[in-house]
Amino acid sequence: MAADAGIGAVSKDDDVLGEARVWRREGRDVAIATVIRTWGSSPRPVGSHLAIDTGQNFVGSVSGGCIEGAVIHEAQEVIETGKPKILEYGVTNELAWEVGLACGGQVHVYVEKLD
Amino acid sequence: MKTEILERVLADREAKRQFALVTQLATGDQSIVHLGGAGDGGVDPALRSAVEDAIRDDRSGTVQGAGGDAFVEVFNPPLRLLIVGAVHIAQPLARMASVAGYDVTVIDPRGSFATDDRFPGVTLVNEWPDEAMPPLDPDRRTAVVTLTHDPKIDDPALAAVLRSDAFYIGALGSRKTHAARVERLAEAGFGADEIGRIHGPVGLSLGAVSPAEIAVSILAQVTQALHARERVAA
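As given, the protein sequences belong to chains A and B, one line each in that order. Numbered per this note's numbering, the first sequence spans residues 1 to 115. Numbered per this note's numbering, the second sequence spans residues 1 to 234.
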């Protein structure tokens, strides 16, 4: 898989969307984060998912662990407001020193509430 | 995402349909588009055509529509691996391929080889490959590997898939075995281009010895072929 390509071809990850449904059915507030664009060397391909609840439980991944903490944090706000958000991470990002991708790649992550 | 949309995505995925979830990034509005599903609502015709292309190419990504950028997440059924020969190598190969996300089917007319005990959880077809292959309809998301090195079983399997769209065809056997196979297939009327599609001897050259190691080399080569195709498509 080229770093900038989608991964529809391959089993994406554990069943993050299925897990999100389980959490929702349990009455938990849930956000779903999805990798929507990547440039350069990004560890997780377009279409990768991370599901997050308000207890900061999460399943899946949108990077090799570099930005998950930041995404989980942002997801709390998305769950509160119900408004989806696009998060941008990469070496050129102002947050690079905090949560940049060590690999030098860039990634855009769409975060939405499951409601 | 509305829970109702998620339910539909999971149901369509379970039914192994070819479809995409389309998210308007400006508004968060979402709709589901099925390949060839002209009846799906909520997506303008130009965007629908781009989405259907994405589904065919198995490629999630962002496309531009009238309402701005839309994220297209493609859901296609699992890739398939058809293994001909329920032999020892087929056992680790079936397990590894399953972990890598393939739906695995093992074809072997010899009932004592293709047993549920030897292949737990794998779809088994106790038929000759020339009968078994056509209904399985190997498409561009299918890999085929023959492992019996018995011409009576492997040759009909290869004959049934050489003109298919399968993205990978591999046949176990030494260089000598493969040379003889190439000759037989040429006599049977297959052209050099068709016969040249066969990876033989099968697998990447890793110096593999045990059945599990040989399975690694085969799965590695299947993976390489899959992504080589994507690089061409890109």
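For the record, the hints were derived by calculation from the structure and aren't laboratory data. Since the model is a prediction, treat every value here as computed from it, not as a measurement. The beta carbon of each residue, even a glycine, is placed where N, CA and C say it ideally should be. Don't take each hint at face value.
What the hints assert, rightly or not - Lysine to any residue pairs mimicking SDA-like chemistry, simulated, CA-CA at most 20 Å apart: (1) A:Lys85 / B:Asp130; (2) A:Lys83 / B:Asp130; (3) B:Lys152 / B:Pro201; (4) A:Lys83 / A:Asp29; (5) B:Lys2 / A:Glu19; (6) B:Lys152 / B:Asp117; (7) B:Lys2 / A:Cys66; (8) B:Lys16 / B:Ser31; (9) A:Lys83 / B:Lys16; (10) A:Lys85 / B:Asp69; (11) A:Lys83 / B:Pro201; (12) B:Lys2 / A:Glu88; (13) B:Lys152 / B:Gly111; (14) A:Lys85 / A:Ser41; (15) A:Lys85 / B:Lys152; (16) B:Lys2 / A:Gly90; (17) A:Lys83 / B:Gln24; (18) A:Lys85 / B:Gly111; (19) B:Lys2 / A:Arg21.
As the list claims (entries may be wrong) - A few chain B residues that don't get close to chain A, going by computed Cβ distances all over 12 Å: (20) Glu14; (21) Thr115; (22) Glu127; (23) His149; (24) Ser174; (25) Thr177.
What the hints assert, rightly or not - Residues from chain B that face chain A, not an exhaustive set, calculated with beta carbons under 7 Å: (26) Met1; (27) Thr3; (28) Ile5; (29) Gln24; (30) Gly28; (31) Ser60; (32) Gly67; (33) Phe71; (34) Glu73.
Going through the hints against the structure:
{"no.": "1", "hint": "A:Lys85 / B:Asp130", "in the structure": "violated (53 Å)"}
{"no.": "2", "hint": "A:Lys83 / B:Asp130", "in the structure": "violated (55 Å)"}
{"no.": "3", "hint": "B:Lys152 / B:Pro201", "in the structure": "holds (18 Å)"}
{"no.": "4", "hint": "A:Lys83 / A:Asp29", "in the structure": "holds (14 Å)"}
{"no.": "5", "hint": "B:Lys2 / A:Glu19", "in the structure": "holds (15 Å)"}
{"no.": "6", "hint": "B:Lys152 / B:Asp117", "in the structure": "violated (25 Å)"}
{"no.": "7", "hint": "B:Lys2 / A:Cys66", "in the structure": "violated (28 Å)"}
{"no.": "8", "hint": "B:Lys16 / B:Ser31", "in the structure": "holds (18 Å)"}
{"no.": "9", "hint": "A:Lys83 / B:Lys16", "in the structure": "violated (31 Å)"}
{"no.": "10", "hint": "A:Lys85 / B:Asp69", "in the structure": "holds (14 Å)"}
{"no.": "11", "hint": "A:Lys83 / B:Pro201", "in the structure": "violated (55 Å)"}
{"no.": "12", "hint": "B:Lys2 / A:Glu88", "in the structure": "violated (24 Å)"}
{"no.": "13", "hint": "B:Lys152 / B:Gly111", "in the structure": "holds (16 Å)"}
{"no.": "14", "hint": "A:Lys85 / A:Ser41", "in the structure": "violated (23 Å)"}
{"no.": "15", "hint": "A:Lys85 / B:Lys152", "in the structure": "violated (59 Å)"}
{"no.": "16", "hint": "B:Lys2 / A:Gly90", "in the structure": "violated (29 Å)"}
{"no.": "17", "hint": "A:Lys83 / B:Gln24", "in the structure": "holds (13 Å)"}
{"no.": "18", "hint": "A:Lys85 / B:Gly111", "in the structure": "violated (56 Å)"}
{"no.": "19", "hint": "B:Lys2 / A:Arg21", "in the structure": "holds (11 Å)"}
{"no.": "20", "hint": "Glu14", "in the structure": "violated (9 Å)"}
{"no.": "21", "hint": "Thr115", "in the structure": "holds (26 Å)"}
{"no.": "22", "hint": "Glu127", "in the structure": "holds (28 Å)"}
{"no.": "23", "hint": "His149", "in the structure": "holds (29 Å)"}
{"no.": "24", "hint": "Ser174", "in the structure": "holds (31 Å)"}
{"no.": "25", "hint": "Thr177", "in the structure": "holds (31 Å)"}
{"no.": "26", "hint": "Met1", "in the structure": "holds (5 Å)"}
{"no.": "27", "hint": "Thr3", "in the structure": "holds (6 Å)"}
{"no.": "28", "hint": "Ile5", "in the structure": "violated (9 Å)"}
{"no.": "29", "hint": "Gln24", "in the structure": "violated (10 Å)"}
{"no.": "30", "hint": "Gly28", "in the structure": "holds (4 Å)"}
{"no.": "31", "hint": "Ser60", "in the structure": "holds (3 Å)"}
{"no.": "32", "hint": "Gly67", "in the structure": "violated (14 Å)"}
{"no.": "33", "hint": "Phe71", "in the structure": "holds (5 Å)"}
{"no.": "34", "hint": "Glu73", "in the structure": "holds (5 Å)"}
Hint violations for this structure: numbers 1, 2, 6, 7, 9, 11, 12, 14, 15, 16, 18, 20, 28, 29, 32, all remaining hints satisfied.
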